[in-house]
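Engineer: Full structure from sequences and hints, please.
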Amino acid sequence: MVEHRPLNDIIAYAILTLGVFIVAFPVYLALIASTHDAATVVGGHMPISPGGHTLENYYRAVHGSQDS
Amino acid sequence: MEKSVVFNNKLLPYLLLVPQLIITFVFFYWPASQAVWQSFLREDAFGLNSEFIGLENYQSLFADPGYYKSMLTTVIFSSLVAALSLSIALLFATQADKNLKAAGAYKTLMIWPYAVAPAVAGVLWLFMFHPSLGTLARPLRWMNFDWNPLLNGDHAMILVVMAAVWKQISYNFLFFLAGLQSIPKSVLEAGAIDGAGPMRRFWTITFPLLSPTTFFLLVVNVVYVFFDTFGIIDAVTGGGPAGATTTMVYKVFADGRLGGDLGGSAAQSVVLMVIVIALTAIQFKYVERKVQY
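Protein sequence lines correspond, in order, to chains A and B.
Each residue of the first sequence is one higher than the last, beginning at 1 in this note's numbering.
Each residue of the second sequence is one higher than the last, beginning at 1001 in this note's numbering.
Treat the hints as calculated values from the structure; they're not laboratory data.
Note that beta-carbon positions come from the ideal geometry of N, C-alpha and C, so glycine has one too.
Fair warning: there could be bad hints in the mix.
As the list claims (entries may be wrong) - Between beta-carbon pairs, the in silico distance windows are:
(1) B/Leu1048 - A/Ile15: 28 to 38 Å
(2) B/Val1036 - A/Phe25: 21 to 31 Å
(3) B/Ile1022 - A/Ile15: 42 to 52 Å
(4) B/Leu1017 - A/Thr17: 45 to 55 Å
(5) B/Ser1182 - A/Phe25: 47 to 57 Å
(6) B/Phe1007 - A/Gly64: 48 to 58 Å
(7) B/Ser1087 - A/Thr17: 12 to 22 Å
Structural biologist: Laid out in structure tokens, this is it:
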């Protein structure tokens, strides 16, 4: 760009960070949900950090087991 | 001295066109003509018999208040989605086009949700805003906001619009960014030397020079909201509550596939096809005049 003002860069970074957050958050949440068991997810109190049921969920998804 | 090359073979050009013409015919004109023909028929629920009833399907269609309601829903939905996704994507694209150190990383992070299918996008957003299991619905409830997209039609519409906009942002972002990068820097520098600030440079130089991209995206986005948002609506609300998010393309599916009224559904898809063709023609005739190539 032509002129260089530090404030402009800060605003640009803030807008872009917000944009990436909006764009990535739904997918992040789905990834997190895939690491919890069904009861935690349906209970409506799902934590924002990963849980301990990752392998179990993906094993079931790949093998197509009907019981959940 | 004549230097131009002349191909004397009269047959070859048509032969070369044949593969493309066959594909267009088989996958576009054939199904479309089937839909037009079907719209003049009445079929029984099992698809065993059909009789020709002329324009009766269209008559009952335009006598149905539910159809006008779905038209209004479509107008609200499509204008909201097109306007929001275009303006948000333009905002992000102009920021990412600046000389920032981490611009490359931001561009990549903005583009990848383009790979998410519409139905998956719908499920993701339902997952966040489902009244009982949504992660973001709980804070809303906590703020004493009675959020319930399963019962409240306006909330359902907001949720579907958000999911549809989210899905489309990265596509529009990609094209806006390419459009911005093709604007010659010398023009912007000339504007800056003449004393134009960033905002004035954007509205008097960047925005007009970006108009071919904007026009292209407008056409693509209108087609997107009319047809491709079906997966999102089906996954998030299924057209409900009480038809509040039943757009025209969803009604085609609901009446034909779920309701078994194939003739009426075909009549709807013919009307929808005419509307989209008319919209695209209007855009090319009137909006394209304002485009500066």
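Engineer: Next, verify each hint and record whether it holds.
Structural biologist: How the hints compare with the structure:
A hinted range of 28 to 38 Å is violated for the C-beta pair B/Leu1048 and A/Ile15, which are about 60 Å apart. Between B/Val1036 and A/Phe25 the CB atoms are about 44 Å apart, so this pair departs from the stated range of 21 to 31 Å. One distance hint, 42 to 52 Å for the beta-carbon pair B/Ile1022 and A/Ile15, holds here, with the actual separation near 48 Å. Between B/Leu1017 and A/Thr17, the C-beta spacing of about 50 Å keeps the proposed range 45 to 55 Å intact.
Distance hint check: the CB atoms of B/Ser1182 and A/Phe25 are about 31 Å apart, inconsistent with the given range 47 to 57 Å. At about 57 Å, the beta-carbon gap between B/Phe1007 and A/Gly64 stays in the expected band of 48 to 58 Å. For B/Ser1087 paired with A/Thr17, a C-beta distance near 19 Å keeps the hint of 12 to 22 Å intact.
Of the numbered hints given earlier, the model fails hints 1, 2 and 5; all others are met.
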